[in-house]
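Starting from the structure of chain A, add chain B where the hints point.
From first to last, the protein sequence lines stand for chains A and B. Quick note on numbering: the UniProt record's numbering labels position 134 of the first sequence as 134, and the sequence is numbered without any gaps. Quick note on numbering: the UniProt record's numbering labels position 80 of the second sequence as 80, and the sequence is numbered without any gaps.
If you are wondering where the hints come from, they were derived from the structure by calculation, not from laboratory data. Warning: the hint list may mix true and false statements.
What the hints assert, rightly or not - Partial list, derived from the structure: chain A residues whose beta carbon lies under 10 Å from chain B:
| hint | residue |
| --- | --- |
| 1 | ARG93 |
| 2 | GLU109 |
| 3 | ALA215 |
What the hints assert, rightly or not - Using 25 Å as the maximum straight-line C-alpha spacing, the simulated BS3-like pairs for lysine-lysine come out as follows:
| hint | chain 1 | residue 1 | chain 2 | residue 2 |
| --- | --- | --- | --- | --- |
| 4 | B | LYS103 | B | LYS26 |
| 5 | A | LYS26 | B | LYS38 |
| 6 | A | LYS26 | B | LYS103 |
| 7 | B | LYS209 | B | LYS176 |
The model shown is predicted, which means the values in this text are computed figures rather than measured ones. From the three backbone atoms N, C-alpha and C, an ideal C-beta is built for every residue, glycine too.
There are 2 protein chains.
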Amino acid sequence: MTKTKPILTVTMNPSVDIVYQLDSLKLATTNRVTSVYKTAGGKGLNVSRVLHQLSCPVLATGIIGGNLGEFVTQQLDAIHLAHDFLSTTYPTRNCLAILHDGKQTELLEPGPTLTAAESVHFIQHFANLLPKTQLVCISGSLAQGLPSDYYVKCIQLCREKNIPCLLDCANEALVKVLHSAAKPTLIKPNLSELSQIVHQSFSEDLEKKLIDVLAKPLFAGIEWIVVSLGSEGAFAKHNDHFYRVYIPSIEVRNPVGSGDATVAGLAYGLVQNLSDEKILSLGNACGILNAQENETGKINVQKLAALREQIQVMKIK
Amino acid sequence: MTKTKPILTVTMNPSVDIVYQLDSLKLATTNRVTSVYKTAGGKGLNVSRVLHQLSCPVLATGIIGGNLGEFVTQQLDAIHLAHDFLSTTYPTRNCLAILHDGKQTELLEPGPTLTAAESVHFIQHFANLLPKTQLVCISGSLAQGLPSDYYVKCIQLCREKNIPCLLDCANEALVKVLHSAAKPTLIKPNLSELSQIVHQSFSEDLEKKLIDVLAKPLFAGIEWIVVSLGSEGAFAKHNDHFYRVYIPSIEVRNPVGSGDATVAGLAYGLVQNLSDEKILSLGNACGILNAQENETGKINVQKLAALREQIQVMKIK
Chain A
1 MTKTKPILTV TMNPSVDIVY QLDSLKLATT NRVTSVYKTA GGKGLNVSRV LHQLSCPVLA
61 TGIIGGNLGE FVTQQLDAIH LAHDFLSTTY PTRNCLAILH DGKQTELLEP GPTLTAAESV
121 HFIQHFANLL PKTQLVCISG SLAQGLPSDY YVKCIQLCRE KNIPCLLDCA NEALVKVLHS
181 AAKPTLIKPN LSELSQIVHQ SFSEDLEKKL IDVLAKPLFA GIEWIVVSLG SEGAFAKHND
241 HFYRVYIPSI EVRNPVGSGD ATVAGLAYGL VQNLSDEKIL SLGNACGILN AQENETGKIN
301 VQKLAALREQ IQVMKIK
Chain B
1 MTKTKPILTV TMNPSVDIVY QLDSLKLATT NRVTSVYKTA GGKGLNVSRV LHQLSCPVLA
61 TGIIGGNLGE FVTQQLDAIH LAHDFLSTTY PTRNCLAILH DGKQTELLEP GPTLTAAESV
121 HFIQHFANLL PKTQLVCISG SLAQGLPSDY YVKCIQLCRE KNIPCLLDCA NEALVKVLHS
181 AAKPTLIKPN LSELSQIVHQ SFSEDLEKKL IDVLAKPLFA GIEWIVVSLG SEGAFAKHND
241 HFYRVYIPSI EVRNPVGSGD ATVAGLAYGL VQNLSDEKIL SLGNACGILN AQENETGKIN
301 VQKLAALREQ IQVMKIK
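If we strip away everything but chain A, and leave its shape as in the complex, we get (with noise of 0.2 Å):
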């Protein structure tokens, strides 16, 4: 394994988050919080800490900044994943959420607003990453400043040598993406994102509908299509296969970051060259594994194997 060349993760906004625990959050005076925690966010990150808990190599990239810039660094050097990111003046942003009252509240800061030298300089050190790179994974939101064709361009490096890439992103940066000829070889949308981009509702004849949509020429040339049903699974298209995917139901703990655990886990299946079923399997094993931990980005990776025995991947077409 210490030879292959690791999948390289892009986190182009990261956070650093932070989480308070209170009884009660109590407007227009002063609480003292005891419960603080504080992790490097982002979805990219996410998806490496699967990758690096799978054992699969695995190298971060994105946009950081400042002292929280660093403190996302050194959450990373802690547990020995690598990264290679690309500095800015403007620091990394926090994003916090206030879990009170049975409620959760959630403040979350712009981050960066990147130059256009900043913009041009990621697209030359993400280039200059490639050919260390047996897959790319690209998720979440671009950073302030970026134009929403921003990942096209990511894309067409990819493509241009012949690297796998993983797409898990939403609104205009998605849409600019599938309207160009840069086709990612996955994208994962979740049904309601799917519905936002085709103008299209979902609410019966699911798997009917699914196959007629996914078949649109807007989604040409896209390898795999990952659409997850949440607790009802996911349905895949890949090439000219259709799949549904049904999970056992499970007690979630905190669902934030399965998304981001699934991409790992397909990621994961294609490097390893596996079949379109145990591809499936170990995507959605892997973002219920997360769902399961109260950390994000977090699998135990010994119920894997028996989790994916749960787990039925139906070829419907």
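Chain B only, in chain A's frame:
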């Protein structure tokens, strides 16, 4: 001025203060914050900044840790304010103020818990700085893990070296000092802190009551006691003399840090050997100027001379 020894300010539990400005804080959902402001916080740092603006040589010390500790020292470096902090492995805290719906909701992290070894180490560090110091300002709460009589030890060291020591703290840390033989040169309780200490209210006949209370044995040996009365000015005792300070009515922008600015002004007056009246007018003027700025620990030095003219210091006894 350059050859003068600096004033040493002590901040045992500094912070990185984050201010989020929102039209409205929506609970149980995600708030995207566009107005984010981060500064080095802590009462001793506010004193330092005001002294620095007064062109008084200052050296900031205390305990810092981790990436947020580095942020604190970088903020001081950026304004060329000298510092010599002791580092702990546990990171410096965030203190968060959310300004929303016309309210201010604060979330304060506890900060590092110091070990017994660190407690001893800082005392040594502090003692090493004293020969380079002409006056010490100790401000704010103790870090967790420190005994409540920790400031007593600091003041003892100042006394041994014959260095004046100003103490601005509350609660148990102040009570321990008052009951010890280590007398600070100056304390600056506000009326409610004083009320708590002496278990007495000051609702009527204010000046007479203050004269009686400050003459109690509890305060014997403390050269200066400056009781801040908010918009009503201040009341002060210097040895056997009592003073009332009358201040002009002003528009308050941000009162946070006004007490610290007052300490800075008093300290600067003391090291310049000014008259009692001038020391008190300088301290109060700095407090007022801080309240007229949005930024904590900031004063408009240009306005200082004119404002001091508007402050009346009346000798009562």
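To see whether the hints hold, each was checked on the structure:
1. ARG93: With Cβ-Cβ at 8 Å, under 10 Å, it holds.
2. GLU109: 5 Å, holds
3. ALA215: Given a least distance of 34 Å, the restraint on A/ALA215 is violated.
4. B/LYS103 / B/LYS26: 13 Å, holds
5. A/LYS26 / B/LYS38: OK: A/LYS26 and B/LYS38 at ~22 Å, within 25 Å.
6. A/LYS26 / B/LYS103: 11 Å, holds
7. B/LYS209 / B/LYS176: Measuring from Cα to Cα gives roughly 23 Å; hence the hint holds.
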